[in-house]
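Dock chains W, U and H against the given chain F, drawing on the hints supplied.
Residue numbers (this note's numbering), protein chains in the order written: chain F, 1 to 208; chain W, 1 to 655; chain U, 1 to 300; chain H, 1 to 122.
Simulated from the structure, these hints should not be mistaken for laboratory data.
Some hints could be false.
[Claimed, not checked] Sample of chain W residues lacking proximity to chain F, with all beta carbon distances greater than 10 Å (derived): (1) 17; (2) 32; (3) 573.
[Unchecked claim] In silico negatives: residues of chain W with every beta carbon more than 10 Å from chain H: (4) 8; (5) 214; (6) 241; (7) 274; (8) 568; (9) 600.
[Said to hold, decoys possible] Once the Cα atoms are required to be at most 30 Å apart in a straight line, the calculated DSS-like pairs of lysine-lysine come out as: (10) 567(W) - 274(U); (11) 567(W) - 59(W); (12) 376(W) - 237(U); (13) 183(W) - 274(U); (14) 74(U) - 572(W); (15) 123(U) - 237(U); (16) 376(W) - 567(W); (17) 95(W) - 183(W).
All values reported here derive from a predicted model rather than from experimental measurement.
Even for Gly, the Cβ is constructed at its ideal location relative to N, Cα and C.
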Amino acid sequence: MAMADFLVKAPSAGRGPIEYTHEDDALRIFGFWVFIATDMVLFASLFATYAVLYRHVGHGPGPLQIFDVTGFATETFILLTSSFTCGLSTYSMHRGQKGWMMAWMVVTILLGISFISFELSEFITDVAQGATLQTSAFLSAFFTLVGTHGAHVSLGIVWMTLILIQLAIRDLTPTTARKAFVVSLYWHFLDIVWIFIFTIVYLLGEMS
Amino acid sequence: MLHNAENFASHFFVLGNPMIYGADVSILLVIFGIVFVLTYYKKWGWLWREWLTTVDHKKIGIMYLIAALLMLFRGGVDAILMRTQLIMPNMSFLKAQHYNEIFTTHGTIMILFMAMPFIFAMMNIVVPLQIGARDVAFPYLNAISFWLFFFAAMLLNISFVIGGSPDAGWTSYPPLAGITFDKGPGENFYLLALQITGIGSMATGINFFVTIMKMRAPGMTLMRMPLFTWSVLAASIIIIFAFPVLTVALTLLLLDRLAGAHFFTIFDGGNPMMYVNLFWMWGHPEVYIVVLPAFGIFSEVVATFSRKRTFGYASMVASMIAIAVISFFTWVHHFFTMGAGPGVNSFFAVATMIIAIPTGVKVFNWLFTMYQGRIKMHLPMLWAIAFIPNFAIGGATGVMLSVAPADYQYHNSYFLIAHFHQVLIGGTVFGMLAGMYYWWPKMFGIILNERLGRWAFWFFNIGFYVCFLPQYWLGWMGMTRRMYTYSTGMGWSLWNFISTIGAYMMGIGFVFIVIEVGYSILYGERDLTGDPWDGRTLEWSLPSPAPHYNFARIPEIAGRDAWWTIKEARRKGDPVVESKPFKPIHMPNDSGRPFVLSVLFFVFGFSMVFTWYPLAFVAFLGILISLILRSFEYHTDHTLSVEEIRHTEEAYGRV
Amino acid sequence: MKRNQARTFALLTALAGTSLLLPGCGEQVLVFNPVGPVGMIEKQIMVLTIIMVSIVVIPVMILLWIIVARYRDKPNNRAPYRPEWSENRILEIIWWSIPIIIIGILATFTVQKTFALVRPPNKVVNPLTIQVTSLDWKWLFQYPGQKIATVNYCEIPSNRPIEFVLTSNAPMNSFWVPQLGGQEYTMPGMAMKLWLEADKPGVYYGSGANFSGEGFAHMHFNVIARPAGEFNHWVQKIQSTAPPLSLQRYAILARRTIVQPMSFSTNQPGLFEKIVSQDGGMYMRRDLTRGKINSQAGTD
Amino acid sequence: MTSIEHHLEEHSGRSNGLDSTGMDEKHTPWNHIIGFSISLVLTVLALWMVLHHIIHAAVLFGAIMALAILQAFVQLYFFMHITEHHVPQWPFHVWMLTLGVTFTILFVVASIWIMSFGAESY
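Isolated chain F (complex conformation) (with noise of 0.2 Å):
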């Protein structure tokens, strides 16, 4: 009983973040939570399948051909740098300074699109190659978990414009701040996951 009386617990005093004012926001910030793990389980099962299906090459190129290390080494940095920079847009709300807050969110939209643009170009590469989604189960599986990350880092960067849209028109209030809270955490997320394919796709295919 002791454990379950603390698990209902209001969370310990102390002065919440400006995202946390409201219950509504609140709740939405932890479903959001909650969206991040399902966004885990799928894209586990993406690189489930990639795994399984990786050296099943057919009659098409495998890893190393296609793989450019300076290609993706630039992506992982871009990214990273992107992850940086959007937390120092969420630093700058926590403390009040809106226009921090929308600049450094600009620079963070501005690395998602050179991010884009650098993966865009690489399927570009791959596809005057020969090398398409219909190649192989291997690319088939490649072309499926990279693009679904970069689908997820393109609608992060439409959500992130809107979000800045309306704080120039409503100004930094607790819903507009829970918004960019909740960017910012799918953001981060989007990180990690590729820090994952960065290894478990790029370096491992460096590897074979």
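For chains W, U and H alone, coordinates are given in the frame of chain F:
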């Protein structure tokens, strides 16, 4: 030109089958009927304002319930057709292709469009009332979940008359379900409908997890929660972690079919077994998603009608959480015969058996909840008691199936069919019917007719045994599932005949339920107390049906069986004074967008089925735009004034 | 009236119980009439499981009957009523531990038999290899050692372990001969192994167990077990009288048709391996060479 | 009234929360800078190890996986503030993530095991 049009029409509309023409006509008649009634009685506005745009969890629950019952009818008709085809050897009632379509839609509809919405109905109607909340955590999302489910169900059902039904089984294993062996749009219908309803289910899982974790009334610790709420919590956890896997499995198969990818094809390194693996990673937990809430309902019903506290509450909770987690470690038992090696089979066989332990414990706890109680045989209790022997047999055959070497003999046979119908009907359907009878007064303020309910119960229950016990036997005799016909000489004829008779009896049972509902709406006994069963949990403290804000004052919870405790105190002459003043209540605004969004999803799905990509793109843009519009919407709730609340409460006679 | 209902209910429950527990008699109940060591092991473990689960199921049925009869809410029921009684550590320990013990026993046997069944049932006698291919909607059996092939029936020598190597050149299916033993999937791009053996000569029903499309219900076949001498005689007869299996004929066979049993005097060397490895299949680490070695060993 | 409302009502005097800084007391976001630096170092290390094949492949794979997991924790700790107690969702979101990680590992590892048909020697 004309030829092209003809060619298109013959693929678009399913031609040449009298049964489907019949369906065409009846669908049109029903649509005309509905339109006529709504227009004649000027109910369009009412329909839109009160139902299509509602975000009230109780109304959404009722809509889930209606949809689930309709789908139970559709799936049941499929079952009756199949059993009729199998009543005698070498029957020519259905052709092979038609039979294949029917068992595919039967399975798909029963699992995803009957069992799932039925549990969502119960969750929606009951959980917020049981935990003392005004709504779920995300009411708008809840409406989206419902409408996505509803239009996904429509998408799957429309395949019967347009394009052709899926025909590769409800599991839809490639390569049979792949483009090489199945060119028609049927499989696309399956994949897209499941995908769309899957998104809704996932949202429901998140919604109820957050609701239960964060919106309980003060004083209601986790270990004071009603067991139904606990079961929903456990089911939500499973939904959260299982449904993403289904999303991936379906997406990959869809990519194979539409984009020429090679995940599960037999060419260029594709591996069909990976689909089987992914499918059951979701598929096995799914079984527990639909059965755990039923367990929760039985716990409530057994305690209420035995007029006694639940025995071994802590064990009940522990076993549900154990089942939820272990259910993710057992999926390979659906393909022991895949040859994955003895190590794999042993691990998953043992993990499967372990689930039997907490399940068995629950059965004993139900028995001892009744022990030394006072059992009232009302309809919900009747179904709950009938569930116990049923589930004992179903559970036992489950353990028999989990023994990998024995499973080599049971797999894909009628033994398996009998087993999972025994747990899914005996567990889920009995549970949901018990829940429906139990909470019907809370939903509609009417008590369902007892006499007609008993007729339904006995027909359904006896029919159930007559239908499925012979199927165990048939499995042992070597009859495999999904055979559209069989020949004499195997000794199967008699048992199949008996089984079909049982199916008809269950059909009659269902008809009695329909009559009962109709009769009760017209002549049923009204529930004026709000507490017709002398209930134990908070929902019975409210009037029937509950006001749209549920609780005028959020109650303070002092222990388990919150409402029972209050009533006990009152019986002892210790009046619990509700002296706290009313406070204004924040309520979410109704919105038509969930409906519109889901229509767009339907259009998207439908155009993807026929690979009309431009239309699909337009629908997709529409979806994005409606999401963006929502993002810019800031006034999403309104406040009920104290006056309004007092007025409503006075109307209920509760001030 | 209510009493009657309770009685009907109890009767029904008892009936349900007994009909499940009837011993596996009757020759048509195939899985309880095994004719080989594999089927025998499976039957034994099935019987063991039935007994073990009965230890729980029967008391549950009896308890339910007694409790419902005794604690009905009727006037003058003098049975005790204790609405607050909800905890009893000893009872709970009992019903947590009994299932644990039962599952423990079952798990031990399961693991042991699962590992046993992947080994040849009989190590003394040289095994015979038969390569099985499920097609739409027929079964092709190739005897690599005997260089013959059959469709929709297969003959085997009794008292000799048979190593079935399974694949599919169509949607996956499952190869099941209930009286010899349990099934295993046939899957495109893979070659799985299934050991079976018949102790007695006879004709045994076999079927495809996994749904594979329109003609699925017609995918049954007979496995005819004969004493070794007769089997060899049959092989010679097929070798001398039946037509050869050419690639063209295989191509015709692979079409979506339902056919009668057939025999071929030759098998296409390497056809089975080609079926498995076509289109980049065969990603299992156990490759076909082991199958080949075995099939050579199986040559008479 | 729910627990969140209860919690927040204690601080209802605060209208916009702009003055609340939570854990960020200082003016330089050291936490973020440290996190970013660690993640850069870990990434470069993993890349370097692979490109120079410094150890045997199996060990190398283990090492880069360990670096990736470490890096995930860096993101969770420094950027997503997973250990922050002063939030209404504490600690349920940590539980859900833990379950998610468990199932992630299970799904990936078990899939590889299951799909490596007959790899076991018997």
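Taking the hints in turn, this is what the structure says about them:
no. : hint            : verdict
1   : 17              : 35 Å, holds
2   : 32              : 42 Å, holds
3   : 573             : 29 Å, holds
4   : 8               : 41 Å, holds
5   : 214             : 6 Å, violated
6   : 241             : 5 Å, violated
7   : 274             : 6 Å, violated
8   : 568             : 25 Å, holds
9   : 600             : 30 Å, holds
10  : 567(W) - 274(U) : 77 Å, violated
11  : 567(W) - 59(W)  : 28 Å, holds
12  : 376(W) - 237(U) : 75 Å, violated
13  : 183(W) - 274(U) : 26 Å, holds
14  : 74(U) - 572(W)  : 24 Å, holds
15  : 123(U) - 237(U) : 29 Å, holds
16  : 376(W) - 567(W) : 19 Å, holds
17  : 95(W) - 183(W)  : 19 Å, holds
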